[in-house]
Structure formats: C-alpha cells, structure tokens
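The numbering of the sequence shown is the numbering used here, which starts it at 1 and goes up by one.
No wet-lab data here; the hints were simulated from the structure.
Among the hints, a few may not be true.
Derived lysine to aspartate or glutamate pairs resembling DMTMM-like cross-links, with alpha carbons at most 25 angstroms apart [what the hints assert, rightly or not]:
| hint | residue 1 | residue 2 |
| --- | --- | --- |
| 1 | Lys-173 | Glu-217 |
| 2 | Lys-52 | Glu-76 |
| 3 | Lys-95 | Asp-41 |
| 4 | Lys-181 | Glu-171 |
| 5 | Lys-173 | Glu-227 |
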Amino acid sequence: MSDEQRDDGKTAGQKGDPDKGDPDTTEDDDAPIRGEIRLVDYRRVAHGLYVKKREGLTDEDEFRRDLRAWRLVLPESAVFTHLTGARLLGWQLPKVPEQTPVFVAVDQKATRPSRAGLVCSRLVREVCPFRGGDLPVEAPEEILLRAARDLGTLDLTIMIDSARRLGHVDETKMKELLATKRPGVRVLRGAWELSNKLAESGGETVLRIFHEAMGVEVTVQVDLYDENGVHLGRADLLINGTTWLQEYDGAHHRDKKQQRTDLRRDRGLAGTPYVRRGYTLDDLINHPLVAMHELDRLLDRPHDPSRLEHWRRLVDNSLYSVRGRERVLNRWRRQTTLRDW
C-alpha cells in the first residue's frame, strides 16, 4: 500500500469522518490530515501527516493533536505506550530528550507501520482498554515494563512514583509481572523497590534516591507541627532521628501561589527545632560531592567515596547525563527507520 492510501480506503489529504466514529477526529475543522498539502496553514507532524496551525495551544494540546495524526497510519489495535503512554496519563517524567520518538504497540496480526520517529512494538497479550483522554494507551504495568527496557533505574523510579501516586498501578498485577522473566523485569524490579507513592514530583524522587545512595534514612512527605500542635505544613523529606528537613527546590516553588505557601510555612518554622535545607537538580546531578560532604558534616560521619560512586552510576545510566541520553537515543535510532522525506 502506498503512502497516498489509507487502510480504510481514504485518499491522500482526506480527513476522518466523525459520522463514522473515526477516532482520529475531534472537530471536523481540526481533524488531522494524511497526504501531501501546502504548509501555509498546516504543520507537518511526520511524512504525509499534518495538522492545521492553531494559535494559543499548550505543548500538551499540540502533543495530543500530533498523536491523533499518527493514528491515521496505525492499525486499530494500536495503543500508545512507553514514554508516550506515560505522558498521556499525566505521569511525572525524567529529563526526556527533545528527539523522543512516538511509542506504540500493536497486536500480533497487525502490520507494523515503518515511519521515522515511530517505535512500534508487539502486544504480547490482549489489551484491557485504558484511556489517556480520548487516546488509547497500554496498561500502566506494561508501559513501565517497556520503559524499563530503555531507561535507567533513576528515570524509571520517577515514573513509578508518579503512577502509584495517581493510583494507576495495580500492585497485584505488578507483583505478577515482576515474578516473570520478561525483558526489562530486572530493572523494573529494582526501581519498584526504590519507589514511594508519596512523592509529589520527579525532583523529590531524585532527592530521595540521592539520600538513599548516601546511606541516609529519610521519611517522605512529613507533616510538621509546632509545640502547640498547630500544623505548619509539610516537608519533602525528614532525616530520620533529626529535625532536619531536606527539600527539592524546583520550578514549581517559583509559582506565586506555591511561593506564598512556602513563605508562610517557613515563617511558622521560625523558633521551632526544624531546620530546612533546599536542593536543586544542579546540586544533585552536577555537584553531588558537595551535597554528600554537607550530609556527612550534618551526621558527623566520615566520608565514604563508595556512596558517591553508587550515585554517579545511577546518574550516568539515566537521562540526566550526556552518556545516558546518548545511549538511549542510539537505541531508539536503531529501533526506528531513518528514512524521511
């Protein structure tokens, strides 16, 4: 079949038909188009796939429009998976490269489309319907397993924390999956054991795993009270046996509403035994030696270089390092065709 035809018989440049229940169509004037057209009023998604240019849309809006366009070249059994499925479900993601492909899985009988920017896998069993809005996604447990075949433990733990917090993961199904010997299970099992469903952000997950790599036991999302029992707020991490609060200072702390909440809590902490310390991603990824020495001084213990080596291995194998990103991107390039027009 040529690129100018569709499996359902539609010709090039033809839109989906909402009267026939075409899943690729939302509003007729915003339906994605397959074919070759002038780019004056349209944005190219991939070879032969276009969407109409629109102003005022968010990145997430455009992402979903792109996926609706991709569905024009996918078989009906196709579901979005891996990082694509995770994003559709609203999970926190690690530092994802800009050149990330679209990940889909199709059933055993369907023809796998070959397109630049598309990684297509096979479904090993029947898919239970799961939706990311109006788009089909694979079961959360399978999404995580596919991601585990490419990503490192640090990346995967961020995704698991978020999926568990949102209540998307069936722990019984996950336990059954982890008991198998399918590809990716070993990495997934390690990340699952590190995960904590109380984590509220990817940066907080990174901070927690850093402390665990440093051999420092912490409690996650601790409610704070003054001597009169008045609730002061909540802290990301509390070093066990101390009054030291460890927090991730990410971009969300610069939001006006969040900043007001943080300032009220910090004023409430004045005069209490609690001491707050904030960390940025740069502190944890690029200056871990400094952060480790600060912890060692706090805990009055000798430096142990093996702790730092353990942390650096986690980072080097993740999307937070140049080496980790290159490894993953090279793998994705091998999985997708480089042909494009």
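Outcome of the hint check:
no., hint, result
1, Lys-173 / Glu-217, "29 angstroms, violated"
2, Lys-52 / Glu-76, "23 angstroms, holds"
3, Lys-95 / Asp-41, "32 angstroms, violated"
4, Lys-181 / Glu-171, "18 angstroms, holds"
5, Lys-173 / Glu-227, "44 angstroms, violated"
The earlier numbered hints that this structure contradicts are 1, 3, 5.
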